[in-house]
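K.L.:
Protein chains in written order, with this note's numbering: chain W, 3 to 438; chain X, 3 to 438.
Rather than coming from a laboratory, the hints here were simulated on the basis of the structure. Take the hints with a grain of salt, since some may be wrong.
You can't tell identical chains apart in this list, so a pair holds if it fits in one copy or across any two.
Straight-line C-alpha distance at most 25 Å; calculated PhoX-like pairs for lysine-lysine [claimed, not checked]:
(1) K229 x K25
(2) K289 x K432
(3) K57 x K25
(4) K152 x K229
(5) K289 x K152
In this text, all values refer to a predicted model and were calculated from it rather than measured experimentally.
There are 2 protein chains.
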Amino acid sequence: MPAFLSTTEDDFESRFAALLEMKREDSPDVDAVVAEIIADVWARGDAAVLELTAKFDRLDLAPDGLRVTEVEIDRCMAEVPGAERAALEQAAERIRAYHERQVPEDAWWEDETGAGLGWRWTPVAAAGLYVPGGLASYPSSVLMNAIPAKVAGVGRLAMVVPTPDGVVNPLVMLAARLSGVDEIYRIGGAQAVAALAYGTETIAPVDKITGPGNAFVAAAKRRVFGKVGIDMIAGPSEILVIADGDNDPDWIALDLLSQAEHDESAQSILITTDEGFGRAVAAAVDKRLETLDRRAIAGASWRDFGAVIVVRDLDEAVALSDRIAPEHLELCVAGAEALAERVTHAGAVFIGGWTPEAIGDYVGGPNHVLPTARSARFSSGLSVMDFVKRTTLSRMTPAALGRIGPAAEILAQSESLEAHGLSVRARLNKLNEGGA
Amino acid sequence: MPAFLSTTEDDFESRFAALLEMKREDSPDVDAVVAEIIADVWARGDAAVLELTAKFDRLDLAPDGLRVTEVEIDRCMAEVPGAERAALEQAAERIRAYHERQVPEDAWWEDETGAGLGWRWTPVAAAGLYVPGGLASYPSSVLMNAIPAKVAGVGRLAMVVPTPDGVVNPLVMLAARLSGVDEIYRIGGAQAVAALAYGTETIAPVDKITGPGNAFVAAAKRRVFGKVGIDMIAGPSEILVIADGDNDPDWIALDLLSQAEHDESAQSILITTDEGFGRAVAAAVDKRLETLDRRAIAGASWRDFGAVIVVRDLDEAVALSDRIAPEHLELCVAGAEALAERVTHAGAVFIGGWTPEAIGDYVGGPNHVLPTARSARFSSGLSVMDFVKRTTLSRMTPAALGRIGPAAEILAQSESLEAHGLSVRARLNKLNEGGA
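Input sequences plus hints: build the corresponding full structure.
P.N.:
Listed below in structure tokens is the structure:
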């Protein structure tokens, strides 16, 4: 049974606080192993990557076998059934259309002193995309990481994906091709992250690494951060559904289960204004859990971390939602659009009962890489912005320097940074001599 | 003597690579100490903060003495001479005007299926600003961190600044007031970072922490990252000047020294098309080093990490600059505007000989918190964007779900995520029954 809370109960605040503080993930401490692997790849390059791939993926490769050839990709893609290919193409097209609207604009203006000011955005030159192997090898994740990079203008996008025992996922290859991935390497784990960050004889280094992975991959990304940029380290998935009584309990149950089936550490919460509806949803979840393929995982997640919270009204619902700062938020209530405008902290909002969260995982258009573990309070989902950076621009004229230089000189002196002040003063002197 | 390189020399590539790889900073390993301090503040709150402040800052406070009162701030501000106050006001106004242009726009549109898509930006609710004490207590840094936060709409901005032996910097107080800082606490070090991240009886927790600090502060920020957001961990400052022979060598020397005087680990590099000019600048640096207040620091930086690089033409200069990816880049050449458009990796560009970098430190308008250590390849300076986050929005209609739902169902099945597919299928069934 998941937790059942009501804001009308005396102990609500303490039970809700406990729900918020619940630790759902115990990451194994793999940092020492990962440090060794990174040092090994840094020192020995391809040789280390090949040895580690033989060891962890049971795959013996030659250096020229690290990269998946175009011929192999073509052969893999040919295996994908037409319906799946069409679905992936539709998803790629919608994700691209959404992200194209995120490309930021340059700016340049002159202010009242005549100074020119502005900024320019430029793409990261080379990015690396980590794609997990085995069961968690999701083609949708390739689209969600690779398309924003390519829309941003990243010139070189290198993907790594482990292929344990040599097994390649054809849909992942197709997704890479549809997204414009430039290079694919059949490696994984900390060794793949190290190869992307530091380069080897075969793999040129990149400037930024994104994509999900296991504890080894996450630890490796943390370690190479600074040398290269990384995206967020994602935690277990979460969904919060706010629903009134005017919904089909089975729809809502399936939405809750679509997060719960990801991971035993996932968390699904329903907030409802209707206690009877809350109980009906819990019953519908139990019913679906009788037959669901991944019922062991989804059942454990729902039992350990699931919750139904009954509130007096939608004001309470929104206030609790902002405290949870959920990764995914479904608003299945009358007036969902207006309610969406009152939400402050959430990774993605799904408006109305006809917008199941799963749409956002695949074909809606917005990114499915979103902030977890309450980090929507201070961070955003993956976007084009993660693959661009801004250079600020300033251009003084002699007259502009004459008007703002003296303030810079005074502040430099107050901070005891003499050369800062002198660099302005030397020019002001020239200006005062009429030399400009 | 700084390094003197020329692209016409046979060993240029290896010497330039060595310059790029040069390790300028040896951070002491303070992680264990910092972990203890954070755990202590987490467990004991104010009591721990008070004890640590007594120990490190030689300052005995009562809990109600942690916060600087409005009366104290007023009294401090009254001590600031008129010229400095006016300079700080001019700086604040220009920084605010620049950053107001960075506020990102919300978006909402309907696509050809009738699906509504978009995003909303919202400010971080509460931010913490770390300001170092003592010699590195820079009022300009308060403006550069606090103004973007307030422009973003951060509701609560709490500043921490250690006051060793009780000494308060009046200009820092004035800068905080001008920037709209809401609360000021006289604490510093890892204990201040922990207090901001976890909260104490007196200090409410924040969602994001920015601002520079020593090795303890940097280590504490790394440790609390995830619980709260943090800005980048800045390394020693850097400047690259690209100059032709048509410049006053003394101006360029002062620009190089204005970074060198920050820190013995700072790096100042001149790239010039004119070898004679390069030698004249080096001579001008030596001459200025005879009298500069901070000549010990600036001299060490210039000797150990400075460089003059002679290139054949500006094409070479831009290519080398992009490999360096400098924090600050001055373009003191004819056609500087056009050259600026060819620069790909730099934190801030200063266009033309009348734009000394020091202008950007204080009053230009752009932020002076910029990516160091080649991280301009993948990251940007501080901006309004650091204090907002984006929530993506989707709203399907029944018809829209009818058109894109089947693709989501197919992809969910291919990823073996049954509940994902069922959550779409249940709605499609209703639609097919004509129930929508």
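K.L.:
Are the hints correct? Go through all of them and say.
P.N.:
Evaluation of the provided hints:
Taking identical chains as interchangeable, the C-alpha atoms of K229 and K25 lie at most 25 Å apart only when they sit on different chains, with a minimum of 12 Å there against 31 Å within one chain. Only between protomers do K289 and K432 lie at most 25 Å apart by alpha-carbon distance; the minimum there is 19 Å, versus 83 Å within a single protomer. Taking identical chains as interchangeable, the C-alpha atoms of K57 and K25 are never at most 25 Å apart, the minima being 33 Å within one chain and 34 Å between chains. Taking CA atoms no more than 25 Å apart as the test, K152 paired with K229 passes inside one copy only; the shortest distance there is 22 Å, against 31 Å between copies.
In the homo-oligomer, the alpha carbons of K289 and K152 never lie at most 25 Å apart, since the shortest distance is 43 Å inside one protomer and 50 Å across protomers.
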